[in-house]
Amino acid sequence: MKRAFPILAILTAGLLSYALYQALVVAPTDRLQGDVYRIIYYHVPSAWTMFTFFAINFVASIVYLIRRNLKADAVAVAAAEVGVVFNTVVLVTGPLWARPVWGIWWTWDIRLTSTLVLWLIYVSYLLLRRFSAGAQMPLLAAALAVFGALDMPLVYFSIWFFRTQHPQPVVGGGGSIDPKMLQVWMLNWLAFECFGLLVFWSRYRLEVVRREVEETQALESLLEVGNSR
Amino acid sequence: MNYLYAAYIATWVIHIAYLTSLGIRYSRVRKELEQLAKK
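If you read the protein sequences in the order shown, they are chains U and S.
Residues in the first sequence are numbered consecutively from 0, following numbering that gives the first Met the number 0.
Residues in the second sequence are numbered consecutively from 0, following numbering that gives the first Met the number 0.
Worth flagging that the hints you see were computed from the coordinates, not collected in a lab.
In this text, a Cβ means the ideal position worked out from N, Cα and C, and glycines have one as well.
Heads up, none of these hints are tricks.
If you anchor each label on the Cβ, the simulated ranges turn out as follows:
| hint | chain 1 | residue 1 | chain 2 | residue 2 | range |
| --- | --- | --- | --- | --- | --- |
| 1 | S | Leu35 | U | Gly33 | 53 to 59 Å |
| 2 | S | Thr19 | U | Asn226 | 37 to 43 Å |
| 3 | U | Lys1 | S | Gln34 | 20 to 26 Å |
No farther apart than 25 Å at their CA atoms in a straight line, the calculated lysine to aspartate or glutamate pairs in the DMTMM-like style are these:
| hint | chain 1 | residue 1 | chain 2 | residue 2 |
| --- | --- | --- | --- | --- |
| 4 | U | Lys70 | U | Glu219 |
| 5 | S | Lys38 | U | Glu219 |
| 6 | S | Lys37 | U | Glu211 |
| 7 | S | Lys37 | U | Glu213 |
| 8 | S | Lys38 | U | Glu214 |
| 9 | U | Lys1 | S | Glu33 |
| 10 | U | Lys70 | S | Glu33 |
| 11 | U | Lys179 | U | Asp34 |
| 12 | U | Lys179 | U | Glu192 |
| 13 | S | Lys37 | U | Glu214 |
| 14 | U | Lys70 | U | Glu213 |
| 15 | U | Lys70 | U | Glu211 |
| 16 | U | Lys70 | S | Glu31 |
| 17 | U | Lys179 | U | Asp29 |
| 18 | S | Lys30 | U | Glu213 |
| 19 | U | Lys70 | U | Glu214 |
| 20 | S | Lys38 | U | Glu211 |
| 21 | S | Lys38 | U | Glu213 |
| 22 | S | Lys30 | U | Glu219 |
| 23 | S | Lys30 | U | Glu223 |
| 24 | S | Lys30 | U | Glu214 |
| 25 | U | Lys1 | U | Glu211 |
| 26 | U | Lys70 | U | Glu192 |
| 27 | S | Lys37 | U | Glu223 |
| 28 | U | Lys1 | U | Glu213 |
| 29 | S | Lys30 | U | Glu211 |
| 30 | S | Lys37 | U | Glu219 |
| 31 | U | Lys1 | U | Glu214 |
| 32 | S | Lys38 | U | Glu223 |
| 33 | U | Lys1 | S | Glu31 |
| 34 | U | Lys1 | U | Glu192 |
Footprint (simulated), chain U over chain S, 3 or more residues, beta carbon under 8 Å:
| hint | region |
| --- | --- |
| 35 | 5–18 |
| 36 | 29–37 |
Turn these sequences into a full structure, and let the hints guide you.
Here you go:
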């Protein structure tokens, strides 16, 4: 993976550029919203990528709770961080789309509020990991992640089961979309998933190396204490 | 159009800020590794 990483990074950069060109230039203009609808090509793929990484965090946390596997714990923290980045993108691009289309930046409807709550849950998870120490911390974090993941179905299905300001699902929800728009949408989703996976891999490697350094430092200080006696 | 560009720019500002923070953390860990190797 170490050798393949630069090649994958270049390929992903190419894919993102091509997807951006398709989104801004090639995709047809929406009859009702005009060009501002093109935010969909960043907003929705970012949301789906966010779900991917929170799902990885959920599975890794379950694995950690069952097996106390430290690699699973490192995967969980890396996935949560990347998920929060994509969640932030969703929360920023959403209001920038809502303002010209709905006339408001924000409304406390269930889709928007549950997405904000999801962000708060995973930010709390990262803060817990950052500012608490001790052997029980990964266990507490894994438990929080499992409970936090309960908000994901609420975010996803809220527009199916509740009347919300947010539009109903276009894909898989009985709505229709121009085939070219759908193609560009899927291309952008693929590009963001690839980008997210590369960032996730970097963050995972950082976590593994950081833990090795911390363990070596702890061992060294133990040896120093032993030698001084 | 301004909202469209603002959304696209904001997306990349967020990603680049995160990548920068990753880079800073990487260099910090690398320095700590070098210090450990010197000991």
